[in-house]
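The primary structure of each chain is shown beneath.
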Amino acid sequence: MNFDFARRQFLYQSLTGVGGLALLNLLNRDLSAANVETVNPLAPRQPHHAAKAKSCIFLTMLGGVSQVDTFDPKPALTQFDNTVMDWSKEKNTDQPNLFAKPRLLLKSPFTFAKYGQSGMDVSSLFPHVATCVDDMAFVRSVQAENGNHPAAVFLMNTGSVIPGRPSMGAWLTFGLGTENQNLPAFVVLPDFRSIPFSGSQQWGSGFLPASYQGTVLRWKGEPIHDLKPPAEVTSDLQTRELELLRAYNHDFLQKHLTNPDLQGRMDAYELAYRMQSEVPGALDMSKESEATKESYGLNDTTTESFGKRCLMARQLVEKGVRFVQLYTPSQSWDGHTDIAKNHEKNAKETDQPIAALLKDLKQRGLLDSTLVVWMGEFGRTPDNLAEQRATAGRDHNTRAMTIWFAGGGIKPGALVGATDDLGFKAVQDIYRLRDVHATVLHLMGLNDMRLTYYSAGRNMRLTDTGGRVIQQVLA
Amino acid sequence: MFNRQMLGLSLIACSTLAGATNTEIFRDRVAPILTKNCASCHSVGAPASNLSVATLDALLAGGKHGPAINPGDAAHSLLLQYVRGEKTPAMPLGGKLAPETVAELTAAINAMTPLPMLTRKRDPHMDWLLRKPVMPAVPTVQRASWVVNPIDAFVLARLEAKGLAPAPPADRRALVRRVYFDLIGLPPTPNEVQAFAADTAPDAYGKLVDKLLADPRYGERWARHWLDLVRFAESDGFAIDGERPTAWRYRDYVIRAFNRDKPYDLFVKEQLAGDEITDKRAKAEDKPERAVALGYLRMGTWEADANFKTQLRQDFLNEITTTTGQVFLGFTVGCARCHDHKYDPIPQKDFYRLQAFFAATRTDDRPAPFLDVEHPSERKAEFRRFEDEAEVTGDAAKKFDEELKKKFASDHSKNDFGKAIKDTKNPAFTADERKKWESLHDAARRAKESVPRYLPLAYSVSDVVPPQVPAVADTFVLGGGELSGKGEKVEPGFLSSVTGKSEPAVIPFSGEGSGRREALAEWIASADNPLTARVIMNRIWQHHFGEGIVRTPSDFGINGDRPSHPELLDWLALEFIEKGWSVKAIHRLMLTSNAYQQASESPELQKASAADPDNRLLWRANWHRLEAEVLRDSLLAVSGRLQSESGGPGVYLDIPADVAGGFEFFKWFPSDEKSQLRRTIYTFQRRSVAMPMIETFDGANMSESCSRRNATTVAPQAFSLLNSEFTNSEAKHFAERVIELAGPDRERQTEESFLLVLGRKPTEAEKRKTAEVLANLSSREALTRLGVVLFNSNEFLYLE
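Protein chains in written order, with the working numbering: chain S, 4 to 478; chain R, 4 to 803.
The hints are simulated quantities; they were obtained by calculation from the structure and are not laboratory data. All values derive from a computational prediction rather than experimental measurement. Hints are supplied without guarantee of correctness; some may be wrong.
[To be verified] Beta-carbon label-pair distances, calculated as ranges:
1) S/Ser280 - R/Asp126: 42 to 48 angstroms
2) R/Thr203 - S/Ser280: 38 to 44 angstroms
3) R/Arg619 - S/Pro47: 30 to 36 angstroms
4) S/Ser458 - R/Ala431: 50 to 56 angstroms
5) S/Lys223 - R/Glu390: 36 to 42 angstroms
6) R/Pro616 - S/Leu230: 35 to 41 angstroms
7) R/Pro673 - S/Leu230: 34 to 40 angstroms
8) R/Thr433 - S/Lys104: 43 to 49 angstroms
9) R/Thr38 - S/Ser458: 47 to 53 angstroms
[As the list claims (entries may be wrong)] Straight-line alpha carbon distances no greater than 35 angstroms define the calculated DSBU-like cross-link-like pairs of lysine-lysine that follow:
10) S/Lys311 - S/Lys223
11) R/Lys772 - S/Lys231
12) S/Lys223 - R/Lys425
13) S/Lys231 - R/Lys214
14) S/Lys290 - R/Lys428
15) S/Lys110 - R/Lys312
16) R/Lys489 - S/Lys351
17) R/Lys439 - R/Lys677
18) R/Lys165 - R/Lys210
19) R/Lys312 - S/Lys258
20) R/Lys428 - S/Lys110
21) R/Lys428 - S/Lys258
22) R/Lys610 - S/Lys231
23) R/Lys610 - S/Lys258
24) S/Lys231 - R/Lys408
25) R/Lys312 - S/Lys311
26) S/Lys344 - R/Lys610
27) S/Lys296 - R/Lys428
28) S/Lys55 - S/Lys344
29) R/Lys425 - R/Lys451
Think of the CB as a built atom: it goes at the ideal place given N, C-alpha and C, for glycine as much as any other residue.
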């Protein structure tokens with residue numbers, strides 16, 4: 004080991020890191036320590052290639068959105084409404100129970116129109132989003148591989164049906180670090196009416212170090228657990244605590260310069276201290292104009308939850324947060340009965356906020372550097388069990404779903420893939436979830452094959468054996 | 004000429020096509036020679052060098068020098084090397100085979116089909132790993148005075164070979180703290196530190212180790228390491244995440260096993276085949292305990308509402324096969340589920356042969372009366388209490404429902420009642436009515452859910468027994484790991500790379516099960532298994548020394564880490580078996596070694612870190628960051644509030660509503676305050692509700708086997724430890740305790756605080772700084788803040 008190098012490295016870290024208080028003493032001291040460098044796991048890192056987007060906002064539509072009622076119109080469904088379908092030839096081994104019995108096609112209760120210069124099809128569910136289609140790229144041919152909610156949500160988030168693998172946000176921050184050292188790199192904004200299955204495992208770091216796990220911010224009340232001390236601990240008291248802690252830790256460090264974690268933890272406390280002041284400021288709603296709040300739907304109880312979180316997402320990426328993931332309530336889009344009512348409710352809660360987010364990002368010049376992704380864990384069937392005809396719902400469909408991208412590196416107005424005439428199955432340019440992952444990583448400057456971490460006997464990847472970047476959505 | 008060559012080629016082709024199996028080649032061409040020339044010494048019974056030539060398998064299993072033949076590769080077969088005299092002594096001893104006999108042996112072995120794993124490039128690491136350890140000679144060292152037991156000799160020999168010296172002994176305070184946290188997971192009291200520091204008797208430390216090993220808190224500490232490995236949790240995971248009401252009995256079983264120093268081989272057998280084993284040590288009266296031990300097989304996640312039951316069962320079998328490979332054998336067999344293992348010598352078929360041992364197993368909540376140590380009468384009383392309470396509260400809730408429904412029914416349909424009562428916007432009910440409705444229903448639900456926790460059941464498994472076994476248990480290789488890829492049918496069999504055989508295992512007749520798991524358990528927990536003892540020795544070493552001798556403790560394979568001290572690991576494994584698989588005996592050996600008692604700082608830092616930057620050779624002690632549970636327990640210990648009650652159903656901690664609330668299928672009801680002050684191992688482990696503090700301090704992932712905790716340093720840890728209600732509340736109790744112990748003098752109070760948390764008095768500089776920063780505060784306020792600061796200090800969180 005090169006001692007001068009190690010020493011320089013340590014001094015450099017002390018100088019640039021916030022825990023530089025040991026520095027004055029150290030400069031006059033013969034440092035006999037070898038591996039005393041502190042490595043900040045969240046320091047910004049060079050991407051594999053030039054990134055198109057610096058941040059990503061992932062809008063997660065839990066439950067599975069029906070493609071034929073949103074962005075993939077199927078006139079044939081109207082024509083053959085109520086027609087018995089026989090899927091036995093499809094060999095649908097995924098959900099034999101569902102497809103063993105007679106099924107009836109169900110026309111969409113919504114009307115479609117073409118919007119924008121791209122002439123994109125959007126149903127009456129999304130009047131606001133419809134005004135943004137020229138900034139968006141749609142993929143109608145994504146297949147989910149698993150038709151059970153829990154497994155499918157894990158697959159969407161982690162690339163694996165096994166609970167406890169690192170999530171997409173963890174992989175991204177592991178690969179790229181983050182630009183704002185005063186805020187968490189990976190922020191999760193769930194809807195507390197019901198959080199996703201398995202809770203924090205959906206944004207966990209799995210076998211990656213815990214530094215990469217998502218930090219949950221709440222949209223009501225304190226945004227982070229224990230961000231502020233209990234009420235009786237005044238800022239005077241907290242200042243005293245931190246001063247005393249620094250002093251003790253400083254003395255201890257002097258005796259034990261060989262343990263890099265000691266400096267690391269001192270740095271973590273300084274970051275926490277900065278977050279304590281940065282987080283409330285970064286998420287200060289009073290700085291937003293009434294018009295902005297109105298546009299996100301903050302004044303309407305229907306749109307308030309998703310709207311507030313969309314606004315928070317914009318504030319966070321504005322401050323350099325790497326990955327922000329929003330969730331609708333668990334299974335919210337799961338319209339097995341009354342698809343009209345179910346999808347109307349969910350679209351109402353999200354349509355206006357999403358459109359406001361896209362326009363706000365664009366207006367502030369942030370859309371070019373922010374990738375926005377919208378998807379659920381799978382699509383829905385164009386039909387329903389005959390015996391449940393009256394319920395007018397749709398079941399899980401792993402064979403087709405529509406997802407969309409917008410922002411950094413995305414080709415505006417692109418339309419990729421197609422489903423069959425009934426919207427049952429993707430038939431052209433079929434992509435899997437790992438291809439979506441590869442595309443997100445690619446746009447953020449990472450090569451999915453090179454982003455690896457050794458665990459359990461092999462180099463692991465988000466995309467396992469690799470994904471295919473969806474080239475047609477790239478600008 | 005041309006034709007003759009052609010003929011020759013076709014003849015060879017024919018003989019291959021004729022398909023003489025290795026067994027046939029052995030029988031027809033090899034056995035006659037060996038029987039005549041070798042069998043007088045190398046036959047079953049007590050064969051020379053432990054090598055028998057009686058069967059093909061015996062040759063493959065080999066003797067003390069390794070497998071005798073390498074099918075398809077005579078040149079690399081020991082047998083040939085000895086008969087040719089390439090290795091000494093030349094065989095047969097005192098004789099010589101005729102050249103044509105040697106030629107025939109060579110041809111016969113070359114004609115054999117190579118075993119799958121041996122066609123790969125030979126790897127010396129795998130040769131070591133897959134062979135039973137041979138007792139290594141304890142190395143001689145220059146500085147013999149440093150050696151208190153063979154561990155030191157092995158460690159020092161490697162250090163000396165690099166020209167390095169071990170660090171001086173840790174000071175008494177560092178040592179006593181190290182060994183307390185290590186063995187019982189709690190800090191020593193100031194008196195205990197004092198007493199040890201003052202005790203200069205040469206056996207003081209040895210006595211301390213013995214005392215701590217006999218302390219029941221030892222089991223509570225070390226069980227956690229095992230629970231990490233076996234992905235212990237008390238709920239199913241997935242959407243419903245249903246409770247496993249008696250899973251706590253498995254946790255208590257593990258604690259007891261450590262405290263009683265249950266021989267590890269028996270511990271393994273009980274968990275894999277507690278219902279089937281015929282081990283003499285497994286007493287009849289402990290049968291219920293063994294049913295509980297089988298819970299190991301059910302600890303994985305379980306998708307209770309899965310649509311596809313066949314797939315669910317296959318997932319269960321895959322999970323248990325994979326986990327068993329990792330936990331007991333240190334092998335990533337799971338990779339072979341979809342294809343031949345890319346790195347390790349595990350063909351895909353072996354994964355399914357291993358899986359076949361579990362193929363007759365089904366989940367089963369077995370009746371298992373509470374053992375005396377589980378306080379049966381108290382459990383029964385609790386059961387009755389909750390049953391009564393459930394009835395009373397249930398009736399009250401129902402009655403109130405009726406009342407409300409009556410009022411509601413006049414102008415609404417009955418079906419909508421459930422929705423209306425939960426919809427705060429619905430004007431049919433007042434806020435008070437809703438509040439009362441909720442609290443009544445909560446009370447009823449809480450009581451009802453408590454009842455099954457006290458049932459005398461084991462969260463366990465049982466086997467489908469003959470004659471149904473074959474139909475249920477037929478196991479097939481699954482192409483790509485998919486049910487749709489059903490391939491060749493396989494029988495239960497051990498890892499072929501370990502046994503050198505690919506024949507089915509012999510399944511014993513078993514009274515209660517299919518006998519399959521017993522066969523597997525006997526193979527794993529056997530002194531002859533080259534992996535089992537090494538793997539557990541490495542795990543224990545890892546916890547004591549900070550890193551394993553192999554740093555990938557559940558992956559000893561080709562992609563895993565190479566052992567830093569392979570001979571030491573072999574010595575430990577054999578010593579362990581020799582000592583009757585006693586875990587405590589091994590603790591004692593490791594902890595009393597000088598290697599363990601070193602300081603964490605070395606005067607030779609510069610030289611040593613240049614030669615060995617990762618400290619693999621142990622030229623100093625490694626640092627430990629307190630694990631999440633140890634941290635929480637220790638805060639409770641220094642605040643004086645830790646409860647010592649052991650065992651029983653899990654405790655529900657106060658957890659913020661955004662973590663514990665919002666679930667459709669369960670509601671989180673915190674336990675009473677006193678129960679919440681028990682050790683963390685007794686807290687209820689729900690997969691979808693991670694305790695925020697445990698989670699930020701790198702607690703184990705409850706869904707997959709965790710063999711090594713992370714020790715990260717992230718900002719949320721600072722929030723948790725600095726600002727949480729828990730820390731601040733314990734700091735207040737800490738302040739009260741300090742005042743009680745130290746009286747009103749501020750300086751004495753500071754001293755007592757340091758003694759309680761750090762086991763030492765503050766320096767003059769620390770006293771000055773403390774007085775200065777905490778000036779103008781009341782004693783209570785000052786000591787509360789001081790408590791928070793000390794809880795957060797690096798000196799508390801990191802052990803030298």
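Structure-based check of all given hints:
1. S/Ser280 and R/Asp126 have their C-beta atoms about 55 angstroms apart, which leaves the hinted 42 to 48 angstroms range violated.
2. For the pair R/Thr203 and S/Ser280, the beta carbons lie near 53 angstroms from each other, so the given range of 38 to 44 angstroms is not met.
3. For the pair R/Arg619 and S/Pro47, the beta carbons lie near 32 angstroms from each other, so the given range of 30 to 36 angstroms is met.
4. The hint said 50 to 56 angstroms for the Cβ distance between S/Ser458 and R/Ala431, and at roughly 55 angstroms that hint holds.
5. Take S/Lys223 and R/Glu390: their Cβ atoms lie about 39 angstroms apart, and the range 36 to 42 angstroms holds.
6. In this structure the hint that R/Pro616 and S/Leu230 lie 35 to 41 angstroms apart at CB holds, the actual value being about 38 angstroms.
7. Hint check: R/Pro673 to S/Leu230, Cβ distance near 22 angstroms, so the stated range 34 to 40 angstroms is violated.
8. The given range of 43 to 49 angstroms is respected by R/Thr433 and S/Lys104, whose C-beta atoms sit roughly 45 angstroms from each other.
9. A hinted range of 47 to 53 angstroms holds for the C-beta pair R/Thr38 and S/Ser458, which are about 50 angstroms apart.
10. About 9 angstroms separates the Cα atoms of S/Lys311 and S/Lys223, which keeps this hinted pair within 35 angstroms; it holds.
11. For the hint pairing R/Lys772 with S/Lys231, the CA-to-CA distance comes to about 25 angstroms; that is within 35 angstroms, so the pair holds.
12. For the suggested pair S/Lys223 and R/Lys425, the alpha carbons sit about 21 angstroms apart, so the restraint of at most 35 angstroms is met.
13. Simply put, S/Lys231 and R/Lys214 have alpha-carbon atoms about 43 angstroms apart, too far for the 35 angstroms limit, and the pair is violated.
14. The hinted pair formed by S/Lys290 and R/Lys428 meets the criterion: a straight-line CA distance of about 31 angstroms does not exceed 35 angstroms.
15. With a C-alpha separation of about 32 angstroms, the suggested pairing of S/Lys110 with R/Lys312 holds against the 35 angstroms cut-off.
16. For the proposed pair R/Lys489 and S/Lys351, the alpha carbon gap of about 47 angstroms is over 35 angstroms, so the pair is violated.
17. Between R/Lys439 and R/Lys677, the direct Cα distance comes to roughly 27 angstroms. Compliance with the 35 angstroms bound is thereby established for this hinted pair.
18. Straight-line distance between C-alpha atoms of R/Lys165 and R/Lys210 comes to about 34 angstroms, which keeps the hinted pair within the 35 angstroms bound.
19. Using a Cα cut-off of 35 angstroms, the hinted pair R/Lys312 and S/Lys258 is violated, with the two alpha carbons roughly 60 angstroms apart.
20. For the hint pairing R/Lys428 with S/Lys110, the CA-to-CA distance comes to about 33 angstroms; that is within 35 angstroms, so the pair holds.
21. Of the pairs offered as hints, the one joining R/Lys428 and S/Lys258 is violated, with about 63 angstroms between alpha carbons and a cut-off of 35 angstroms exceeded.
22. Among the hinted pairs, R/Lys610 with S/Lys231 is inconsistent with the structure: their alpha-carbon atoms are about 46 angstroms apart, more than 35 angstroms.
23. A threshold of 35 angstroms between alpha carbons decides the hint, and for R/Lys610 with S/Lys258 the separation of about 19 angstroms falls inside it, so the pair holds.
24. Restraint check: the Cα-Cα separation between S/Lys231 and R/Lys408 comes to about 45 angstroms, which exceeds 35 angstroms; the hinted pair is violated.
25. Between R/Lys312 and S/Lys311 the alpha-carbon distance is near 41 angstroms, which puts this suggested pair outside the 35 angstroms criterion.
26. Restraint check for S/Lys344 and R/Lys610: the C-alpha separation of about 73 angstroms exceeds 35 angstroms, so the hint is violated.
27. Proposed proximity of S/Lys296 and R/Lys428 is supported: the alpha carbons are some 24 angstroms apart, at most 35 angstroms.
28. Taking the CA atoms of S/Lys55 and S/Lys344, the gap is near 38 angstroms; set against the 35 angstroms cutoff, the hint is violated.
29. Simply put, R/Lys425 and R/Lys451 have alpha-carbon atoms about 21 angstroms apart, close enough for the 35 angstroms limit, and the pair holds.
Comparing the model with each earlier hint shows violations of hints 1, 2, 7, 13, 16, 19, 21, 22, 24, 25, 26, 28; every other hint is respected.
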